[in-house]
Amino acid sequence: MNRKILNIVVNGESHQVLIEPHWTLLQVLRNEIGMMGTKENCLEAECGVCTVLLDGKAVNSCILLAGQVEGCSITTIEGIGDPEHLHPLQQTFIECGAVQCGYCIPGMILTAKSFLDENPGSRPSRDEIREAIAGTLCRCTGYSKIIDAVATAAERMAISGGSQ
Amino acid sequence: MSFDFHRPATVTEAVDLAQRLFPTARFIAGGSDIVIQINRKKIDPSHLIDVACLPGLSGIAETSDEFTLGALTKYHTIETHPAFAGSLRALIEAASVIGGRQVQNIATIGGNIVNASPAADFVPVLLALDAVLDITGPNGSRSVPLQDFIVGPGKTSLLPVEIVTSIRLAKLPARSATAFVKEGRRRAMEISVVCVAACLTLEAGGSRCASVRLAIGAAAPKVFRAKAAEAYLEGQLADQTSFAEAGKLAAEECAPISDVRASADYRRRLVSIMVERALTACFERTGEERR
Ligand SMILES: Cc1cc2nc3c(=O)[nH]c(=O)nc-3n(C[C@H](O)[C@H](O)[C@H](O)COP(=O)(O)OP(=O)(O)OC[C@H]3O[C@@H](n4cnc5c(N)ncnc54)[C@H](O)[C@@H]3O)c2cc1C
Ligand code: FES
Ligand code: FES
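Line order of the protein sequences matches chains A and B. Numbers given in this note's numbering equal positions in the first sequence, counted from 1, plus 545. Numbers given in this note's numbering equal positions in the second sequence, counted from 1, plus 897.
Bound-form chain B, shown alone (with noise of 0.2 Å):
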């Protein structure tokens, strides 16, 4: 274990650093997997560029119609970020139980993307709220949609001179809410043996559902939108019987492999009863808001 750490003062700096010392060279931003990959002998890198003090990529803003999360945004400052306890409440849900306050602290979510680990817990909530992320390289910035963004377990089409900088989220509009669930061995401090996060967005004035989305993590090789489920629910009343049959399309779109966790039937059920799950606390919200 040998590197050399670089803390670059601009996001162009840092790139520029990345394409000299390429392919030697990794980002680090809190370090909580980079440096137990390390650590764990994994990866060897000779140079590693600490992107945490860049200027610009950190903090919530907000306009009108959307949200832009600074790609060091921490698990920590979306837990406690007033405007998220609302409608986009999945995202406090998913960063509360990630890892322990400590890790919460450090760790953050531009690193949770980019990682692309099929058991990401943030990942999923970003792909219900259709996230889009902004990227900069060596030719300039591009924005490119979470979906299209990560290609496989660990896989992302980021080029390893390019960063992060920033998250996007539409505003949700009325009538909608989110929901996470997971499921681990323990309560805390668990890797997902399944998570799910569902966005419900109910018809003006009626009952049925008019968009839902669902991304569901640990049942494939990378977090997935259970397509089929969603496209069944719209247009549907939302109530149990639709929710149980969502659950079942989603189980049957899934993916999942056998581990040490679990295996994959536990995975299957498990998946059928927690969109059902999500949904449910997704219409409930729906309702305190029209309260």
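Just chain A, same shape as in the assembly (with noise of 0.2 Å):
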């Protein structure tokens, strides 16, 4: 099989990849770069624990083929804050105990953080939180939280006034 090299950003920092023709980037992702946050679960992007951002916007990384992405920006959950500078939406889905068993958590993070960064400083209402993350299971049901804590986080970084 053609091996080919992959050039790709990962959160801000470029990696150089060999690949075969029909990995995905969520194996990319995991296995060659040991970006375990991102998860894997149904692939064919009907749950969204996969969920990076592809270029700002939450894309189902199982499905996108590795070579598709050549030369693009990831963000996976690892590149929006660490432990001592949580990205707003973190630290609010910790707050708000809006994290179960946590499986979903990075992508729905990842989801969140898509919709507030197009439309920046904006305080959604519920059903459009939950519109816009409809494609972002939780297994473990915990919609109300994770809507609590997407709500709170847009507030905050509305009234911050910068995007994170």
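Heads up, none of these hints are tricks.
Between beta-carbon pairs, the in silico distance windows are: (1) A:Glu640 with B:Ser1108: 52 to 62 Å; (2) B:Thr921 with A:Ser618: 24 to 34 Å; (3) B:Gly953 with A:Asp600: 13 to 23 Å; (4) B:Gly1102 with A:Ser689: 44 to 54 Å; (5) B:Ser1155 with A:Thr686: 26 to 36 Å; (6) A:Arg701 with B:Pro1042: 47 to 57 Å; (7) B:Gly1049 with A:Asn664: 38 to 48 Å; (8) A:Ile639 with B:Pro1035: 51 to 61 Å; (9) B:Glu1149 with A:Gly601: 43 to 53 Å; (10) A:Gly601 with B:Ala982: 20 to 30 Å; (11) B:Asp1027 with A:Thr686: 39 to 49 Å; (12) A:Met581 with B:Ser1108: 50 to 60 Å; (13) B:Gln934 with A:Thr686: 29 to 39 Å; (14) B:Gln934 with A:Asn664: 31 to 41 Å.
Note that these hints are calculated values from the structure, not bench results. All C-beta atoms in this analysis are idealised placements derived from N, C-alpha and C, irrespective of residue type, glycine included.
Hey, can you piece these two chains together into the complex? The hints should help.
As structure tokens, this is what we get:
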């Protein structure tokens, strides 16, 4: 099989990865780059646990072939904050008790981040938040608190006025 | 599963490549359908030709009489396009219920058309808008009405070496509106049990229907135009009685199947009600335009 070099920027860092043509972005992130925060489950774009940001927009990494993202910039959950400097969404997910088993949370936070970044400074309604996260499922069904967390983060980000 | 992945630089190069690799190559745009088909071992191409980075296939252009949508236009781009918030709102309504945000950020409208799924959500809207496709192949370019392009479930008149480059929509006359309604088993992330797109133009100064186009998905082997209902409505008063009658006629015209999602009988009832709802929404929207 024709292995190829993939050039990709993950969380601001450039990587060159030798890939097989059928590898997905998810496989590259987990198996080659070691970003284990990106989860895998359905592999058919149904559940959203594999969500990452592709040039800032939420996408399912399980159905994107690595070759399709040559030269692109990817953000995973590891790239939006660290224990000392949590992203407002990470902070409010903790405060609101939005995390149960945690499996959906990386995807949930990135889905929410993509949505909030699109409308900086906005205070979306609960219905708008629900719609925005419809592609990311929580098997623990902790949706109410997840929506609380997203709404609270939106509020804080609107007040602080900057994108994070 | 083993294929080579190609990234041609131009449409001509992509077509040449497809010709050289025929019949073992497939095009890939967003990949939201074809990657899943490959994973499920439904298809096993030896070559994938990426059209997503080809120049000239993206973006939405507008002239005085039409819109040209690049085949690679993503649903999210449609949803947020200001020019579609008026009489072409059905485009936004359909784009925003296809998959979740993550799919809307990668899947293309060209892929929806070429897939030719009987339950496609974007196809009915384009059909109700009399869309015309621009296609490039080894012998140059051709244009074909969407109506003639889709010939059956999953079947189109596209040759394996041809690329859909753009979709053209004529602008609607004054006093026109569109609507898209979808019913699935749940409210998001669901394949349509039935979907209906309607385009209504009222007579100048009157409240009769000048022209109506109704396209229905998931209720026949392919998305179809409910011609009897359309013909009936022309010249009728635009009111609840005529919209309900149009719904009944459309239900007679459809040919649904029973499957895991719904029975044929239920689909037929949905068609009737949803046609009425879509027309009512259109009528209310023509009012908004008048105000
Ligand atoms: C989770 C999920 C939910 C979905 N929900 C919906 C839904 O609610 N409603 C709905 O209608 N669809 C839905 N889809 C189906 C599908 O993703 C869309 O129809 C999408 O528009 C396909 O576009 P794509 O660019 O990803 O296509 P691809 O997978 O890249 O291609 C699909 C087919 O079209 C061909 N093709 C693509 N572009 C071109 C071109 N420009 N020229 C020639 N051939 C081309 C490819 O060769 C392939 O055969 C869903 C898919 C997923 C994964
Ligand atoms: S693993 Fe990608 S959406 Fe479920
Ligand atoms: S917290 Fe368990 S799946 Fe969401």
